[in-house]
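Undergrad: Residue-level listing of the chains:
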Amino acid sequence: MNEKQETPLLFRKHRAEEWIGRIYTTFCVVLLIVIIVSIVYYVASKGVATFAINGVSLSQFLFGQTWQPDSNKFGALPFIFGSFVTSLLAAVIASPLSVCAALFMTEITPNWGKKVLQPVVELLAGIPSVVYGFIGLSVLVPFLRDVFPGQGIGVAAGSIVLSIMILPTITSIATDALSSLPRNLKEASYGLGATRWQTIAGVVIPTVLPSVLTGVVLGMARAFGEALAVQMVIGNAPHIPTSLFESASTLTSVITLNMSNTVMGSVQNNALWSMALILLLMTFVFVLIVRLLERRTRI
Amino acid sequence: MSAKVKDRIATGVIIFFSVLIIAILVGMLGYIMVRGISHIDWHFLTSEPETIKAGGGIGPELFNSVYLLILTLIITIPLGIGAGIYMAEYAKEGRITASIRLVVEVLSSFPSIVVGLFGLLVLVNTFNFGFSVLSGALVLTIFNMPLMVRVTEQAFHNVPIEQKEAGLAMGLSHWKIITSILFPVALPAIITGTILAAGRIFGEAAALLFTAGLTTPKLDFTDWNPTSLHSPINPLRPAETLSVHIWKVNSEGLSPDAAQIAAGASAVLVIMVLLFNLLARWIGRLLYRKFTSIK
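Chains as they are written, first to last, in UniProt numbering: chain B, 1 to 299; chain S, 1 to 295.
Read the hints as simulated data drawn from the structure, not as lab findings. Do not take every clue at face value.
The list that follows gives simulated cross-link-like pairs (lysine-lysine, DSS-like), each with its CA atoms no further than 25 Å apart [as the list claims (entries may be wrong)]:
| id | chain 1 | residue 1 | chain 2 | residue 2 |
| --- | --- | --- | --- | --- |
| 1 | S | K164 | B | K13 |
| 2 | S | K92 | S | K164 |
| 3 | B | K186 | S | K176 |
Here are the in silico distance ranges between beta carbons for each label pair [to be verified]:
| id | chain 1 | residue 1 | chain 2 | residue 2 | range |
| --- | --- | --- | --- | --- | --- |
| 4 | B | S180 | S | V5 | 25 to 35 Å |
| 5 | S | L187 | B | F27 | 15 to 25 Å |
| 6 | B | D176 | S | P256 | 41 to 51 Å |
| 7 | B | I20 | S | A98 | 25 to 35 Å |
| 8 | B | V285 | S | N158 | 25 to 35 Å |
| 9 | S | K53 | B | I205 | 54 to 64 Å |
| 10 | B | N111 | S | H230 | 49 to 59 Å |
| 11 | B | S260 | S | P226 | 24 to 34 Å |
| 12 | S | L187 | B | I20 | 16 to 26 Å |
| 13 | B | S180 | S | L20 | 18 to 28 Å |
Coverage of chain B stretches by chain S, computed from C-beta distances (three or more under 8 Å per stretch; other residues unrestricted) [to be verified]:
| id | region |
| --- | --- |
| 14 | 20 to 29 |
| 15 | 152 to 163 |
Just so you know, even glycine gets a beta-carbon here, dropped at the ideal spot from N, CA and C.
Isolated chain S (complex conformation) (with noise of 0.2 Å):
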């Protein structure tokens, strides 16, 4: 076989397989979306599920995720980008530098069951917070916190070192220079990360499965009351996330359309991780543009 037959062979092959993935995602994203959104109502969107009749909906699972996620963000946030300026602005090469990174690389490639199992032990059991939303919310922190300081660090490196050095010739304090000069230029990225870092957590369930739970108390919309088990904004309930449900449909669901459930809350997942990344180019090219006034 000749040089230019086998360049030949080659390039098809390369280009079937790369048309093979594209046909995958095609092919999923539709079976997703043509079996689920024709189950997408505001009934299924808002009503309770049902565990052994049929017409169940996903309403307060798709409200548990939300909550859960903004909490996390909350706790996350503040400690992750302070614990990414440490790396970018105060870290020293060296050995303990060097073992911290080491922390990252490990806790962002732990299996998220184990933290979930860890999650189970010591915040549900020995902490006594039960299975709650709190629960959740601290376990997701324990994945989303090396993401976040790897963002941070990244975003802070990328900052010219030339801002760096017009705010030293000012003789501003270090930490004046961090705040006021590197983390404005450096939040378009570090929002964009976090953003991306929120579909990720929007979407996990086997860390959850041990620490927010299985089950959702009833919910009543009109009690705002933090203390009381039926409000929603109770960080100390139980909450089943959207992922979550979808796993125990599809496991032990009972019901007769829980095929159909998990379709429908499958594509509401789907969208909105889909959303999550638009929102997150978005917001980058729009910061990016304010920051930098290039129109």
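With the rest of the complex left out, here is chain B (with noise of 0.2 Å):
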């Protein structure tokens, strides 16, 4: 009898725990959704004022190619084009060399080279995109300036040091679909008698390619959007470069230097809103690709 009294109690405190710890949660969650919808409202809004209000035309602001904000010109082809050049070039650089820190990891020394590669990749990861920056500034554009021509500063320094910032990203990303790959794969085709090269280049490669596509990706996203590195060894002059070894600007180092110094709502401060939005855009592409990738790899 006592205990049929008590359990009504009990069930309404359960439930009330219950509704707590889910509202709680539901809240965090619905935050997130927020977060983002408002991020893409507030910069769409803004990037969307360049032409609909201001009625710089979208194809000048896509393909003109000079920007002088005092004589109404607003051609950000320069700024775009600067930004996939250098995250193309660190993805061709840093790609290679991180598949081969990963296959060091997983296939030649599995004990010494997770042991010592490893950390050094995470820290790699771990230093901020200023510090790179200053190294860059420091000793990578003096170098570049003794050895080939030019200034140092340019697409060449801006596309090494984002190759370095992204190695990590790849790195982590090939060594953990190199690691997961099923034993029997390889055992068969050593047991055919095939060198470990020949393994490699024959079977591992190709089964992880789209795993390693997806790092490639995402490190791609993460040149695209980065910001203070690239403006401090880029050189930040507003035209197409025809030599690596050439002044350029990206979309992010346009931003990071312009925004402060132009009115808000005034043309100019709406047309870096729009650069904005490409970046943001990006991403969406840039995510795009890596969920068609993955879906791929589950094949």
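Reconstruct the complex from the two isolated chains, following the hints.
TA: What follows is the structure, given as structure tokens:
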């Protein structure tokens, strides 16, 4: 009898607890959605204003080559070009290095490699971007200036700094993919008398290629959005560079340098927001590509 | 070329590149330490920066970085863990959960400068927080929350299902199971993840340019009234952090020893990040031992 009286009370307490927990955690998740919706909304509304309110034509913005805000010329092509070139080059430099590091850790010396290279990669990931920029400015730029024509600052310096920054991203994803590879795949290849390299090139790499590409895309996404390190070494000239050692600009470096010098609501300021909108849209593109690649990995 | 020779060449190339990566890191750390540490002394760590003269320090910047970090963690930890628990325990596989997962993924890959601009528009201007520690902390929360969500979710998933079943068998409510059974077991992983994320926050700069600002008012460390402009703990004062200071000194520094200051400040920053890494490992191991009673 006693128990029967207690049960409803216990139930009520349970239910109250349950509700508090549910409401609190749901609130946290809803907050995430609110944040992302408001970021997209605010950046888009500012970015679109350039075309909707100030009447700059979209094609002039995307394909125009002259950036002269004083004479009303808002061609952002040099910056878009700079962003794509530096992040592509960074991926081209970093990918082979990362794949080699991943192979070293999983295929060649699993013990020693994991113990030494793994912490190295983690540390590279932890170093703040301004420190990369500072080292680029004080070591890499003088080196490039001495060895190659030009000032040292420019596309090459930017790409090299970015490639070291995205190396950990690609390496860790490639390492994960390599170490989750079923053993019998490799054993079958060795069983046929293949050498280690034949196994790696013929079996291992083709199998993990989608995952490695995922890493490369994530690395490119990071390089595309990186601001300060690039700004410090790229030179920030508003034109399309004709050589690797020529000064250039990226979307992020232009925003960094000009946002605080322009008046909120002016055409020039809105044009900077349009560039931020391009960055935002590119993030969606990168995430989409990653999703597509992941779908391929599963099959 | 025979297969064996090819194999040897390929192995050589792989080893060469791996050693190159190690050499890059050792070279960078060595450079930062050799150039930076000689510049670090008590005066450098505690005194005010100079704009034109040589001999400026990084005292206020160091304090700002730490203060901003603490404020960010106070805001992020409860929210991130809450959302992580939702994802691990309440979310049912379906379209809504998949879209929340997508939100977390997109949010963590937004360029920091775009999030900073959002902070400038919404926090600094619309909400009128101004260039302040609070704006900075809120914007860093946006970065840090996806990380916390992922860490928490992962930690909860790694708790053995038997623990949960035991709780259910005892007739506990789901929330009670979460808070008193699953959470303590997941805690070591959450703490480790939080410290690693904290290292990231400490080095962040691009977003703070537009939210926490590029200046610091003259700080009076005897004034603990949180509403006074010169009080170090006032959350509504502008605060230039260490990483922002490095960027500013490098790109527009006028003092003759700008390069040395950047080197010293970089060394301090790198040492802090190393400490965060070691701390995360150490605490992770310590708590793991405590909770699993493995000696």
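Undergrad: Work down the list of hints and note, for each, if the structure agrees.
TA: Comparing the hints with the structure gives:
{"no.": "1", "hint": "S/K164 with B/K13", "verdict": "holds, 20 Å"}
{"no.": "2", "hint": "S/K92 with S/K164", "verdict": "holds, 17 Å"}
{"no.": "3", "hint": "B/K186 with S/K176", "verdict": "violated, 47 Å"}
{"no.": "4", "hint": "B/S180 with S/V5: 25 to 35 Å", "verdict": "holds, 31 Å"}
{"no.": "5", "hint": "S/L187 with B/F27: 15 to 25 Å", "verdict": "holds, 22 Å"}
{"no.": "6", "hint": "B/D176 with S/P256: 41 to 51 Å", "verdict": "holds, 48 Å"}
{"no.": "7", "hint": "B/I20 with S/A98: 25 to 35 Å", "verdict": "holds, 27 Å"}
{"no.": "8", "hint": "B/V285 with S/N158: 25 to 35 Å", "verdict": "holds, 33 Å"}
{"no.": "9", "hint": "S/K53 with B/I205: 54 to 64 Å", "verdict": "holds, 57 Å"}
{"no.": "10", "hint": "B/N111 with S/H230: 49 to 59 Å", "verdict": "holds, 56 Å"}
{"no.": "11", "hint": "B/S260 with S/P226: 24 to 34 Å", "verdict": "holds, 27 Å"}
{"no.": "12", "hint": "S/L187 with B/I20: 16 to 26 Å", "verdict": "holds, 20 Å"}
{"no.": "13", "hint": "B/S180 with S/L20: 18 to 28 Å", "verdict": "holds, 26 Å"}
{"no.": "14", "hint": "20 to 29", "verdict": "holds (count 9)"}
{"no.": "15", "hint": "152 to 163", "verdict": "violated (count 0)"}
Checked against the numbered hints given earlier, this structure breaks hints 3 and 15; the rest are met.
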